[in-house]
Amino acid sequence: MMKILVINGPNINMLGIREPEIYGKATYSNLVEYVEKAASRLNVEVAFFQSNHEGSMVDAIQEAYGKFDGIVINPAAYTHTSVALLDALKSVGIPSVEVHISDVRQREDFRQVSFVRDACVATIMGKGFDGYVEAMEVLRGKQKES
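With this note's numbering, letter number 39 in the sequence shown gets 21, and the count goes up by one each step, no holes.
Here are the simulated DMTMM-like cross-link-like pairs (lysine to aspartate or glutamate), alpha carbons at most 20 Å apart as the crow flies:
1) K(-15) with E27
2) K109 with E1
3) K109 with D85
4) K19 with E116
5) K126 with E116
6) K(-15) with E119
No lab work stands behind these hints, which were simulated from the structure alone.
Please put together the full structure from these sequences, using the hints given.
What follows is the structure, encoded as structure tokens:
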């Protein structure tokens, strides 16, 4: 069974409270439950990690080496600033998909830059929680290609 680590960055734990006009009213717990149900349907084992700290996210990526077949990552604000996350993803070489709940193309100029994108096989944005499911499907497809 494919094992996928879902990593969420800063403020994702505040879903439902943080800017509901952008992110909706569903909570982080709702996201985890939604992704778990989808993973079950897809016959994928899924684990979750959320942190507001860049170094903790780097540690989680490094610890995934040899344990997970894919990473779904929503780096949140670190998307636009973190070379450390890019380097961590490149160093482990685990197929990864960048996910954003909102469509960052429709947001502020600074959000147009993604440092992690170069280490990812795909980027999915603006699809809400469904973006995480699509990311798992992409990773399953990549595993079948190997």
